[in-house]
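Student: Listed below, chain by chain, are the residues.
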Amino acid sequence: MNIKNLIKFIDGDLLTKSADLTREIKGGCGADLMSDVLASIQPNAVLLTGLCNPQVVRTAQMSDVAAIIFVRGKKPPQETIDLANEEGIPLITSPFGMFELSGRLYLAGLPSLEQPISE
Amino acid sequence: MNNRDTNFDQSPSRFKGKIITDEMAGKITRVEELAYILKISDVMSSSLKTLSPDHSMQDVLVTMRENRISGVPIVDNDSHALLGMVSTEDLIKCLANQDIDANLTKYMSTKLVTVNSFDYLTEALKLFARTGLGRLPVLDENGALAGILTKGDVTYGLLRALEHDYIEEEVRRYRASHLFEDIESDRSSLILRYTIEHYDFTHGGSASSKIKRALLRLGANAQLARRVGIGIYEAEMNLIIHTTHGGTIHVEIEPHQISVYAWDEGPGIEDVNLAMKAGYSTATEEIRELGFGAGMGLPNIARCADEMDLQSELGKGTHLTMKFFLKGEDVVGEGYTGKGKKETENDA
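Heads up: the protein sequence lines correspond to chains F and E, in order.
Residue numbering for the first sequence follows the numbering used here, beginning at 21 and increasing consecutively.
Residue numbering for the second sequence follows the numbering used here, beginning at 4 and increasing consecutively.
Excised from the complex, chain E in its bound form:
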């Protein structure tokens, strides 16, 4: 909602004339969010050229020319309170009157729209949009001048914050993908456990979703993450649909293999061979309406996994094991061994 207020069309000179691409537009939600996180004090310019009321309009002209600025805040010498601003427009009026030696108080604007340094950026964005002003003086808690905020400061501050986000995510990814490198043991593995409730369709798939994300974080390529994700999703749905009390999913991640165990305590499968047959299903009409129960789950798992084992005893429960073997470039948690290639695959 606030993106309209940010008014990118009137953005500062460094972006002037450039079309906002879809890619930038895609960032708008994060920008909106940042406008509520960043304080005005985080982005304003605080090194200021100011003048006190005892100066002349000639001094204003010199200050503007030397610093290439279009407005000078006038502050009280002692209290640093903001008394007014002299803008280029005020200077032009003065020049038209041939009155350059006049005291600046004669021409300065005193009706000022200001913002507080401790307010969120969104307040400033609203003011920019409502007033059409290009710069806002910023006051601190005591009403003294703390800085100036231009639209350029806003854009620059937001871009800096976005860049920071990006670097943080990169660092997080890097750390996770080198997880196993820094820990020494004869055999290290990372174990993820998830409890799956019977008939919990609302959360159905959330475990597989988390596992897929974890694998991508650990540096797995998109294809491997997809294969493991689909296999586990089918297993997860089986626990939701076919068990009496739900079950557990246990994923063991090692640099060279991923083992998935799905356990439940019943009711167990009567004929495992029949259950493995594509198209065979015991699912109810209700389940079918949800888009499942087509008898494709177990065959699907078999297709995704490199190795699959299904043990079941009627009345006792079912143990499903899936193994995924990682070839050279698939390796997870040991850094980007196949460097450039892997990163592009992740992006794909």
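Chain F extracted, bound-state conformation:
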């Protein structure tokens, strides 16, 4: 699934411009704890989160996230959007909750790209 199809699939709104929407998504990861994302996510995932601050974008950039979806119709502040535009990471907001989004995307064939965090 590429980002363009993803947006349609989740009734999403794209909040950023200048991003490559043909990028292929390999799977998903849902978390509000950025350290968990950094520790467990594999490259080219879509990140589902309720956290809206700019650190989400930084985290995504460090861990090669393909796109960020804000769940429950959340809209991040302008500074987050600005940073995402700068770094070329698409931000999408979807009216669905984290639980429903994960389920829908999983059923659509996107695997989990969360590795267990072992000590």
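Derived from the structure by calculation, the hints contain no laboratory data.
All residues carry an ideal CB built from backbone N, CA and C; glycine is no exception.
Do not rely on the hints blindly, as some may be mistaken.
To be verified - Straight-line alpha carbon distances no greater than 16 Å define the calculated EDC-like cross-link-like pairs of lysine to aspartate or glutamate that follow: (1) LYS37/F x GLU36/E; (2) LYS213/E x GLU134/F; (3) LYS37/F x GLU35/E; (4) LYS213/E x GLU106/F; (5) LYS213/E x ASP56/F; (6) LYS114/E x GLU144/E; (7) LYS46/F x GLU134/F; (8) LYS280/E x GLU107/F.
To be verified - The following residues of chain F were derived to be distant from chain E, with all beta-carbon distances above 12 Å: (9) MET21; (10) ASP33; (11) LEU35; (12) ARG92; (13) LYS95; (14) MET118; (15) TYR126; (16) PRO131.
Chain F is fixed; fit chain E onto it per the hints.
Tutor: Just chain E, lined up with the frame of chain F:
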């Protein structure tokens, strides 16, 4: 905003019938930008077939046929001022009247929409969109005819500029990735230093972001850049969250290893072993709301780095060292040793 005006659907023959792919659409912002950088004189055709007003419509017909053009600018012999244009449409009118020997001034259009050679391309794009015309005569500072601009010229000029951008970026990458090759010493290294302010969440992660980009420029593969980037990001956030006065990040890049040092001057960690335990955290509720302080930072660093050392003294400060060892194909700054393979990995 201007991409609507560029009106790709009506683009020149070489793209006619071809669907604009998403990949091309992705370039639109840069194209918009270029429309404000390129001057009309940069893209117009300046080798022109023109006629002077003393010629006949027969001459127009011959000029059009021989040069396979659909419009001839009429210019004054002395001043080179543009007097009018004779288009195919004008020629058809003339032929319908069986008046081919008439002087061309009888049929030429004198109400012309023109552009200035010193204007930006965006002006021409707006005119193309507004008037629906296929070609615009271009005038220089003195009002003399300088050239002709067609939609084809615009597309060709933009593509050429994009190609130029692309080559420049490639050259920049190539230079950086061969950095260590051209400098001789017993041991060369590149040192990057960053000052991290306490509680500066706005810029939190910008140092790691810059370091990751630098590594990719130097030819590191995506996986290595990611590993180093995540490690440094955690260290950077630690300096922002847990120190009294922020700290310094110091990255030493050598062809075969990357060493990262994060220093601060306090408050220091009371029990290093406890701090290293996953889930242990001293972060406040406020920090947790930002998505940090889950007690995963240091364990995360340990996972990312090949070697990690944490020295801390209460009241004095903390020294964190991370080392990343580069295996054969990871090597940075010495060219693409593992050629084809590396480049595809970078793209991934």
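Student: Do the alpha carbons of LYS280/E and GLU107/F lie within 16 Å of each other, as the hint requires?
Tutor: violated, 33 Å
Student: Straight-line Cα separation of LYS114/E and GLU144/E no greater than 16 Å?
Tutor: violated, 20 Å
Student: If you draw a straight line from the CA of LYS213/E to the CA of GLU106/F, is it 16 Å or shorter?
Tutor: holds, 13 Å
Student: Please check whether the beta-carbon of ARG92/F is more than 12 Å away from every beta-carbon in chain E.
Tutor: holds, 16 Å
Student: For ASP33/F, which was marked as not at the interface, is the minimum beta-carbon distance to chain E over 12 Å?
Tutor: Correct as stated: the minimum Cβ-Cβ distance to chain E is 18 Å, above 12 Å.
Student: Holds or violated: are the alpha carbons of LYS213/E and ASP56/F at most 16 Å from each other?
Tutor: Roughly 22 Å separates the two Cα atoms, so the pair is violated.
Student: Test the statement that MET21/F is away from the interface with chain E: the closest C-beta pair must be farther apart than 12 Å.
Tutor: Nearest chain E Cβ is 14 Å from MET21/F, so the label holds.
Student: So is LEU35/F really clear of chain E, every C-beta pair being over 12 Å apart?
Tutor: It holds; LEU35/F is separated from chain E by about 16 Å at its closest Cβ, greater than 12 Å.
Student: Could you grab the alpha-carbon distance between LYS37/F and GLU35/E and see if it respects the 16 Å cut-off?
Tutor: holds, 13 Å
Student: Regarding the assertion that PRO131/F does not contact chain E, is the least Cβ-Cβ distance greater than 12 Å?
Tutor: holds, 18 Å
Student: Quickly compare the C-alpha distance for LYS37/F and GLU36/E to 16 Å and report which way the hint goes.
Tutor: Given pair LYS37/F, GLU36/E holds - Cα atoms ~14 Å apart, limit 16 Å.
Student: Does GLU134/F sit within 16 Å of LYS213/E, going by the straight-line distance between their CA atoms?
Tutor: violated, 26 Å
Hints 2, 5, 6, 8, counting from the list given before, are not met by this structure.
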